[in-house]
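Residue numbers (the numbering used here), protein chains in the order written: chain B, 1 to 163; chain D, 1 to 163; chain F, 1 to 114; chain R, 1 to 114.
Some clues are possibly wrong.
As the list claims (entries may be wrong) - Result set (SDA-like, lysine to any residue): computed pairs, CA atoms no more than 25 Å apart in a straight line:
{"id": "1", "chain 1": "R", "residue 1": "88", "chain 2": "B", "residue 2": "24"}
{"id": "2", "chain 1": "R", "residue 1": "88", "chain 2": "B", "residue 2": "142"}
{"id": "3", "chain 1": "F", "residue 1": "85", "chain 2": "D", "residue 2": "32"}
{"id": "4", "chain 1": "F", "residue 1": "85", "chain 2": "D", "residue 2": "154"}
{"id": "5", "chain 1": "F", "residue 1": "33", "chain 2": "D", "residue 2": "123"}
{"id": "6", "chain 1": "R", "residue 1": "33", "chain 2": "B", "residue 2": "55"}
{"id": "7", "chain 1": "F", "residue 1": "88", "chain 2": "F", "residue 2": "106"}
{"id": "8", "chain 1": "F", "residue 1": "85", "chain 2": "D", "residue 2": "23"}
{"id": "9", "chain 1": "R", "residue 1": "88", "chain 2": "B", "residue 2": "136"}
{"id": "10", "chain 1": "R", "residue 1": "85", "chain 2": "B", "residue 2": "123"}
{"id": "11", "chain 1": "R", "residue 1": "85", "chain 2": "B", "residue 2": "27"}
{"id": "12", "chain 1": "R", "residue 1": "85", "chain 2": "R", "residue 2": "97"}
{"id": "13", "chain 1": "F", "residue 1": "88", "chain 2": "D", "residue 2": "34"}
{"id": "14", "chain 1": "R", "residue 1": "88", "chain 2": "R", "residue 2": "100"}
{"id": "15", "chain 1": "F", "residue 1": "88", "chain 2": "F", "residue 2": "51"}
{"id": "16", "chain 1": "R", "residue 1": "85", "chain 2": "B", "residue 2": "38"}
{"id": "17", "chain 1": "R", "residue 1": "88", "chain 2": "R", "residue 2": "29"}
{"id": "18", "chain 1": "F", "residue 1": "85", "chain 2": "D", "residue 2": "72"}
{"id": "19", "chain 1": "F", "residue 1": "88", "chain 2": "D", "residue 2": "37"}
{"id": "20", "chain 1": "R", "residue 1": "85", "chain 2": "B", "residue 2": "72"}
{"id": "21", "chain 1": "R", "residue 1": "85", "chain 2": "B", "residue 2": "160"}
{"id": "22", "chain 1": "R", "residue 1": "85", "chain 2": "B", "residue 2": "138"}
{"id": "23", "chain 1": "F", "residue 1": "88", "chain 2": "D", "residue 2": "38"}
{"id": "24", "chain 1": "R", "residue 1": "85", "chain 2": "B", "residue 2": "136"}
{"id": "25", "chain 1": "R", "residue 1": "88", "chain 2": "B", "residue 2": "40"}
{"id": "26", "chain 1": "R", "residue 1": "88", "chain 2": "B", "residue 2": "27"}
{"id": "27", "chain 1": "R", "residue 1": "88", "chain 2": "B", "residue 2": "138"}
{"id": "28", "chain 1": "R", "residue 1": "88", "chain 2": "B", "residue 2": "140"}
{"id": "29", "chain 1": "F", "residue 1": "88", "chain 2": "D", "residue 2": "139"}
{"id": "30", "chain 1": "F", "residue 1": "88", "chain 2": "D", "residue 2": "122"}
{"id": "31", "chain 1": "R", "residue 1": "85", "chain 2": "B", "residue 2": "76"}
{"id": "32", "chain 1": "F", "residue 1": "33", "chain 2": "F", "residue 2": "96"}
{"id": "33", "chain 1": "F", "residue 1": "88", "chain 2": "D", "residue 2": "158"}
{"id": "34", "chain 1": "R", "residue 1": "88", "chain 2": "B", "residue 2": "76"}
{"id": "35", "chain 1": "R", "residue 1": "88", "chain 2": "B", "residue 2": "23"}
{"id": "36", "chain 1": "R", "residue 1": "85", "chain 2": "B", "residue 2": "154"}
Hints were generated in silico from the structure; no laboratory data involved. The structure presented is a predicted model; accordingly, all values stated were derived computationally and were not measured.
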Amino acid sequence: MGTVRLAFSPAPAHVRTARLVGVAVARRAGVADAIIDEVRLAIGEACSRAVALHRRHSLSDLVEVELVAEAQFTVRVTDHAPVDTATIGAEGDPEHTDPFGLLLDTSGSNGGAADMTNVSDEDVAVGVSLTLLSGLVDDLAVIPGRDGVGTQVCMSWPAGRSR
Amino acid sequence: MGTVRLAFSPAPAHVRTARLVGVAVARRAGVADAIIDEVRLAIGEACSRAVALHRRHSLSDLVEVELVAEAQFTVRVTDHAPVDTATIGAEGDPEHTDPFGLLLDTSGSNGGAADMTNVSDEDVAVGVSLTLLSGLVDDLAVIPGRDGVGTQVCMSWPAGRSR
Amino acid sequence: MELSLSARSIGDRTVLEVGGEVDVYTAPTLREKIVSLVDGGARLIIVDLTHVEFLDSTGLGVLVGAMKRLRMVGGDFALVCDQEKILKIFRITGLDRVFTLHSTVEAATAGLAG
Amino acid sequence: MELSLSARSIGDRTVLEVGGEVDVYTAPTLREKIVSLVDGGARLIIVDLTHVEFLDSTGLGVLVGAMKRLRMVGGDFALVCDQEKILKIFRITGLDRVFTLHSTVEAATAGLAG
Ligand SMILES: Nc1ncnc2c1ncn2[C@@H]1O[C@H](COP(=O)(O)OP(=O)(O)O)[C@@H](O)[C@H]1O
Ligand SMILES: Nc1ncnc2c1ncn2[C@@H]1O[C@H](COP(=O)(O)OP(=O)(O)O)[C@@H](O)[C@H]1O
Numbered sequence: 001m002g003t004v005r006l007a008f009s010p011a012p013a014h015v016r017t018a019r020l021v022g023v024a025v026a027r028r029a030g031v032a033d034a035i036i037d038e039v040r041l042a043i044g045e046a047c048s049r050a051v052a053l054h055r056r057h058s059l060s061d062l063v064e065v066e067l068v069a070e071a072q073f074t075v076r077v078t079d080h081a082p083v084d085t086a087t088i089g090a091e092g093d094p095e096h097t098d099p100f101g102l103l104l105d106t107s108g109s110n111g112g113a114a115d116m117t118n119v120s121d122e123d124v125a126v127g128v129s130l131t132l133l134s135g136l137v138d139d140l141a142v143i144p145g146r147d148g149v150g151t152q153v154c155m156s157w158p159a160g161r162s163r
Numbered sequence: 001m002g003t004v005r006l007a008f009s010p011a012p013a014h015v016r017t018a019r020l021v022g023v024a025v026a027r028r029a030g031v032a033d034a035i036i037d038e039v040r041l042a043i044g045e046a047c048s049r050a051v052a053l054h055r056r057h058s059l060s061d062l063v064e065v066e067l068v069a070e071a072q073f074t075v076r077v078t079d080h081a082p083v084d085t086a087t088i089g090a091e092g093d094p095e096h097t098d099p100f101g102l103l104l105d106t107s108g109s110n111g112g113a114a115d116m117t118n119v120s121d122e123d124v125a126v127g128v129s130l131t132l133l134s135g136l137v138d139d140l141a142v143i144p145g146r147d148g149v150g151t152q153v154c155m156s157w158p159a160g161r162s163r
Numbered sequence: 001m002e003l004s005l006s007a008r009s010i011g012d013r014t015v016l017e018v019g020g021e022v023d024v025y026t027a028p029t030l031r032e033k034i035v036s037l038v039d040g041g042a043r044l045i046i047v048d049l050t051h052v053e054f055l056d057s058t059g060l061g062v063l064v065g066a067m068k069r070l071r072m073v074g075g076d077f078a079l080v081c082d083q084e085k086i087l088k089i090f091r092i093t094g095l096d097r098v099f100t101l102h103s104t105v106e107a108a109t110a111g112l113a114g
Numbered sequence: 001m002e003l004s005l006s007a008r009s010i011g012d013r014t015v016l017e018v019g020g021e022v023d024v025y026t027a028p029t030l031r032e033k034i035v036s037l038v039d040g041g042a043r044l045i046i047v048d049l050t051h052v053e054f055l056d057s058t059g060l061g062v063l064v065g066a067m068k069r070l071r072m073v074g075g076d077f078a079l080v081c082d083q084e085k086i087l088k089i090f091r092i093t094g095l096d097r098v099f100t101l102h103s104t105v106e107a108a109t110a111g112l113a114g
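Excised from the complex, chain B in its bound form:
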């Protein structure tokens, strides 16, 4: 079946398109029905994360998704946002995100409007995104983009068919 590439302006609506395409190609590649929900969620997460990063840096560059159907079904989602420490800080170490620490910064101090604005819903989302991905996908790698710009989220799943 070969390769399908998708590239889209960093708008939330297109993340849905990416999920749609990802699932369609995965099914045709022979990915088992039982894991299609995970594939859908993982592609959505990787794309939402890329869209969020582009928007945070006011980048209109397209987010890129490459889908390759061989013995494995491989998905690569590439963003072009500068890899800065803020991003890495906000995302944390995917294997060791502490949901209480990350999310409930206001709970110990009994909360307050000022505290709450420190961690927005979007920050929480970006924070749990890689945690979710690493929990969902056994074969996951997050690598720096070419030329040191952006990151690439690479994921793969077993596929039944190779054509």
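Following the hints, put chains D, F and R with the ligands in place on chain B, whose structure we already have.
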């Protein structure tokens, strides 16, 4: 909403993916429900044609689709097949394809196995493809690809929303 | 969405009911089915497109091929279709003048030159 | 597929029934709805995820924001979910330990600290 690009190996299954994406983006761009069926068919035709041309020339290059959602919803389908006279002959002039002449070459002579093999089902399909496109799409242009390789089918429809 | 095919006999007529999407991906399956019906002796074939949701030029190519195949063996061929969306495709391509189109299976069965 | 939202009151509890897909595209609508319920005086909110077909990290972010918002005004917050597919998302992210999750609206209504 901006731009969505799709590129795929020249396999029939991916034409379905292209229709799926095209319709999803068209809807979000605000293309009227009443013409969605035409948009689906037109994108499918343009992509089937590109896949057929790549296969005829044993090209594994990806077929490219660009979808732009602005005041108009614009679709550009690009193939990379050499533009040879055979192609142009088989496709004919889209405005003046004669269905009897093109399809029924065996009817006058009462038919025969030898005659029938002259025009295959695929030839018929490629022959009527541009006819169908030009009948379906008011705003249609078929232009040579960059560097004189391939062709680009450009189509557009009114879209309600510009974001 | 997927192609569905089901054939039945009405006297010496064979009715092939087609459902779902007839496109570049599924058209080969439709062609094989029609070839196998003709190889199996069917001479008067009615292809019922009532439940077809999508038809493209590849599907039209297969239908033209089927008609030619039947004419070659002295048979006949008719189509059933009452969906405006599909009829429009026949009209645009001029194939409404090439095929015998009926709106019901009954009309097609009566109309075929046995 | 599209997000559906419908709120009803059971005594001093507000039950927000959510259906469809809660993702990066629809999460802002869910957030606005919850904010407007809190602004309208709701203090004990149960978000019923029984009919949710898809939930991603953006949706989780909105739910966390809702809980924080309610705690700040002295309210309370609970979730209803019995779909394994969705529960798995809470478990992977550790949010099953952060949220109060019930399998029915009745259990959630009884459980909320009024
Ligand atoms: N998933 C994708 N969708 C659309 N365009 C892409 C995608 N990946 C790469 N491209 C575009 O293709 C061009 C070449 O990309 P690259 O991957 O470097 O080339 P190649 O893989 O053909 O060597 C780039 O300009 C890039 O914008
Ligand atoms: N629809 C598409 N989908 C995927 N890749 C594409 C598409 N269109 C172009 N590309 C890739 O992007 C690269 C740059 O294409 P081009 O259109 O020349 O660049 P740009 O429009 O960015 O100037 C090419 O390598 C081409 O393969």
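Verification of the hints:
About 23 Å separates the Cα atoms of residue 88 (chain R) and residue 24 (chain B), which keeps this hinted pair within 25 Å; it holds. Restraint check for residue 88 (chain R) and residue 142 (chain B): the C-alpha separation of about 22 Å stays at or below 25 Å, so the hint holds. Taking the CA atoms of residue 85 (chain F) and residue 32 (chain D), the gap is about 16 Å. The hint holds against a cut of 25 Å. The straight-line distance between the Cα atoms of residue 85 (chain F) and residue 154 (chain D) is roughly 23 Å, inside the 25 Å bound, and the hint therefore holds.
For the hint pairing residue 33 (chain F) with residue 123 (chain D), the CA-to-CA distance comes to about 20 Å; that is within 25 Å, so the pair holds. Among the hinted pairs, residue 33 (chain R) with residue 55 (chain B) is consistent with the structure: their alpha-carbon atoms are about 24 Å apart, no more than 25 Å. Note on residue 88 (chain F) and residue 106 (chain F): the hinted pairing holds, with a Cα-Cα distance of about 22 Å set against a maximum of 25 Å. Annotation: proposed proximity of residue 85 (chain F) to residue 23 (chain D) holds, straight-line Cα distance about 16 Å (limit 25 Å).
Among the hinted pairs, residue 88 (chain R) with residue 136 (chain B) is consistent with the structure: their alpha-carbon atoms are about 9 Å apart, no more than 25 Å. Distance hint between residue 85 (chain R) and residue 123 (chain B) is fulfilled; the C-alpha atoms sit about 24 Å from each other, no more than 25 Å. Note on residue 85 (chain R) and residue 27 (chain B): the hinted pairing holds, with a Cα-Cα distance of about 19 Å set against a maximum of 25 Å. As the CA atoms of residue 85 (chain R) and residue 97 (chain R) are separated by approximately 17 Å, the hinted pair is consistent with the 25 Å bound.
The hinted pair formed by residue 88 (chain F) and residue 34 (chain D) meets the criterion: a straight-line CA distance of about 14 Å does not exceed 25 Å. Taking the CA atoms of residue 88 (chain R) and residue 100 (chain R), the gap is near 15 Å; set against the 25 Å cutoff, the hint holds. Note on residue 88 (chain F) and residue 51 (chain F): the hinted pairing holds, with a Cα-Cα distance of about 16 Å set against a maximum of 25 Å. About 9 Å separates the Cα atoms of residue 85 (chain R) and residue 38 (chain B), which keeps this hinted pair within 25 Å; it holds.
As the CA atoms of residue 88 (chain R) and residue 29 (chain R) are separated by approximately 24 Å, the hinted pair is consistent with the 25 Å bound. Distance restraint check for residue 85 (chain F) and residue 72 (chain D): the Cα-Cα separation of roughly 23 Å lies within the 25 Å cut-off, and the hinted pair is therefore satisfied. Of the pairs offered as hints, the one joining residue 88 (chain F) and residue 37 (chain D) holds, with about 11 Å between alpha carbons and a cut-off of 25 Å not exceeded. This hinted pair checks out: residue 85 (chain R) and residue 72 (chain B) have alpha carbons roughly 23 Å apart, not beyond 25 Å.
Only pairs whose Cα atoms come within 25 Å are accepted, and residue 85 (chain R) paired with residue 160 (chain B) is accepted, the gap being roughly 23 Å. Distance check on the hinted pair: residue 85 (chain R) and residue 138 (chain B) sit about 17 Å apart at the alpha-carbon level, within 25 Å; holds. Our distance criterion of 25 Å between C-alpha atoms is met by residue 88 (chain F) and residue 38 (chain D), whose separation comes to about 10 Å. For the given pair, residue 85 (chain R) sits about 11 Å from residue 136 (chain B) by alpha-carbon distance, which is consistent with the 25 Å threshold.
Restraint check for residue 88 (chain R) and residue 40 (chain B): the C-alpha separation of about 14 Å stays at or below 25 Å, so the hint holds. For a cut-off of 25 Å, the pair hint linking residue 88 (chain R) to residue 27 (chain B) stands: about 22 Å separates their Cα positions. The straight-line distance between the Cα atoms of residue 88 (chain R) and residue 138 (chain B) is roughly 15 Å, inside the 25 Å bound, and the hint therefore holds. A threshold of 25 Å between alpha carbons decides the hint, and for residue 88 (chain R) with residue 140 (chain B) the separation of about 18 Å falls inside it, so the pair holds.
Proximity of residue 88 (chain F) to residue 139 (chain D) is assessed by CA-CA distance (about 18 Å); at most 25 Å being required, the pair is judged to hold. As the CA atoms of residue 88 (chain F) and residue 122 (chain D) are separated by approximately 21 Å, the hinted pair is consistent with the 25 Å bound. A distance of roughly 24 Å separates the Cα atoms of residue 85 (chain R) and residue 76 (chain B); the hinted pair therefore holds under the 25 Å criterion. At roughly 23 Å between alpha-carbon atoms, residue 33 (chain F) and residue 96 (chain F) fall within 25 Å of each other, so this suggested pair holds.
The straight-line distance between the Cα atoms of residue 88 (chain F) and residue 158 (chain D) is roughly 21 Å, inside the 25 Å bound, and the hint therefore holds. A C-alpha spacing of about 24 Å is found between residue 88 (chain R) and residue 76 (chain B), which places the hinted pair at or below 25 Å, so the restraint holds. For the proposed pair residue 88 (chain R) and residue 23 (chain B), the alpha carbon gap of about 20 Å is at most 25 Å, so the pair holds. Distance restraint check for residue 85 (chain R) and residue 154 (chain B): the Cα-Cα separation of roughly 23 Å lies within the 25 Å cut-off, and the hinted pair is therefore satisfied.
When each numbered hint is compared with the structure, no violation occurs for any of them.
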